[in-house]
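Enquirer: Spelled out, the chains give:
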Amino acid sequence: MSELPHRTIAQCRADFPILQREVHPGVPLVYLDSTATAQKPEHVIAAMDRYYRRSNANVHRGIHALAEEATALYEAARDRVQHFINARTRKEVIFTRNASEAINLVAQTWGRRTIRSGDLIVLTEMEHHSNLVPWQMLAAETGARLEFIPVTDAGELDLAEFERLLARAPKLVALTHMSNVLGTINPVRAIAAQAHAAGALVLVDGAQSVPHFAVDVQALDVDFLAFSSHKMCGPTGIGVLWGRQSLLEAMPPFLGGGDMIKRVYLREFKTADLPYKFEAGTPAIAEAVGLGAAVEYLESIGLDAIAQHEHALTAYALERLEEVPGVTVYGPPAEKKGGVAAFTLDGVHPHDIAQVLDRHGVAVRAGHHCAMPLHDRFNLPASARASFYLYSTPADVDRLVDGLYQVKKLFGE
Amino acid sequence: MPTRQESIDFILDHYEHPRHRGTLDHADLVLRGGNPGCGDVVTYYLRLDGDARVADVAFEGEGCTISQAAASVVTDLILGRTLAEIAALDQNTLLEQLGREVVSTRLRCATLALNTLKSAEQPRRAGLGA
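Residue numbers (the working numbering), protein chains in the order written: chain A, 1 to 413; chain B, 1001 to 1130.
Only chain A is shown next, with the shape it has when bound in the complex (with noise of 0.2 angstroms):
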């Protein structure tokens, strides 16, 4: 994999092709969605196509040439994952589907070895379902208690609750790093280790942190960590799980079948080591290879000056929502959350801001954002969010509030 030259936040929104197209006639896109997904840069588009065109073959497996190629784009990629979060070392990088498998894999190995009737799992009022359901499963299953940290009205985690919740010596806080609805940024470093103290285990959900901001689990120091290629400039399809390498390998395999086996006997197996234990069947080499492209773009222009251009672009957004007549903005005050603005507007659903927005070409989502709990929490049905990423740009916020007085202007306001 060739390194990528240094590139400036100013440059890059020329690498994705999507955002040169008009999204109706004569009217151009102007993507505030990427809280659901990001769009991909040309760098991720052909890696994945230069792959099936040159060196598609399956891995692991076979001696020639093609094959030894993929196995070795393949683990490059989790290479370049490891050293993306830190990972102390390449066994603790997981590929599976996505975020929500990642979870899933926790809750079904190490949550079913571990949880007994009655355990306490403390989760978040913030979480995003593939954070909450699994859990509910698992509680289900097993008769473990599930509690929630609550949020303020401002949109951040109470915590003097959440220590009143460790006195009672939960096995497992379970929450997210950044909300996809509120943008709050929580802090994951002091909860982890106040929890740690507690002697619970730790879950970050980091669908919406890793994309945006330099996550390095050790600094961090947390037990688990789940988040999405899709979300990070990367290809659908697959997803990383981190974990400590002690608790890896004292779970049980997730998926049973090839890949995750040492040797197979008729009436019994032996797993393969780490990480592919939890790596059964063939796996998503295109999209390994799309994500591993995906880490070095991120890297080419660099978190940090990522994560600084969103955060004064969402100051810059949450500035000019506010001047609209009858727009509410939820969560915390710039400074303290990630590029997200979910708001409501007076008298018009969601849904109706989304369709009139998506008409001048602005793609917002509407709806609860796989957060309903967050949102029944706010007693709102439903609110319309925008989001931002490395592309994005002031003047799209511009196309937004104009977009925001064509929708009032529609329903007679």
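Check before you lean on any hint, since a few could be wrong.
Mimicking DMTMM-like on lysine to aspartate or glutamate, the simulated pairs with C-alpha atoms at most 25 angstroms apart in a straight line are [stated by the list, open to error]:
(1) A:K408 to B:E1016
(2) A:K409 to A:E22
(3) A:K409 to B:D1049
(4) A:K336 to A:D376
Quick caveat, the hints were computed from the structure, so don't treat them as lab data.
Once you have looked at the hints, place chain B on chain A.
Expert: Quick look at chain B alone, frame taken from chain A:
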């Protein structure tokens, strides 16, 4: 076929001036439906005549423009029909009336009301009792 603007005007008219909005005392049937994904909800109150045809209808609801406009449009579609006839109604009739181009990305919103009314016939067919 209506133009896009005509469709929008038609939808906004039904949204802002809904037909048969309210409740019915002594309703024979009360049907509730919702799209949990977006918070659209409708409740229909139906009174049936001696031939089991809809003699009167009223609805309440909350949600986006398309779901609530469709809920209003549907009331005129069902008056005088039996539950079996309602269950057999083609949703395309409604979609054409609302303007297919405008509602094509919002089918769940557009069909919530009609599907709620069609559900009146389902429990009996499934033998679960009304």
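Enquirer: Confirm or reject each hint.
Expert: Tested hints:
1. About 15 angstroms separates the Cα atoms of A:K408 and B:E1016, which keeps this hinted pair within 25 angstroms; it holds.
2. The hinted pair formed by A:K409 and A:E22 meets the criterion: a straight-line CA distance of about 24 angstroms does not exceed 25 angstroms.
3. For the suggested pair A:K409 and B:D1049, the alpha carbons sit about 44 angstroms apart, so the restraint of at most 25 angstroms is broken.
4. With a CA separation close to 22 angstroms, the supplied pair A:K336 and A:D376 stays within the 25 angstroms bound.
Checked against the numbered hints above, the structure breaks only hint 3 and satisfies the rest.
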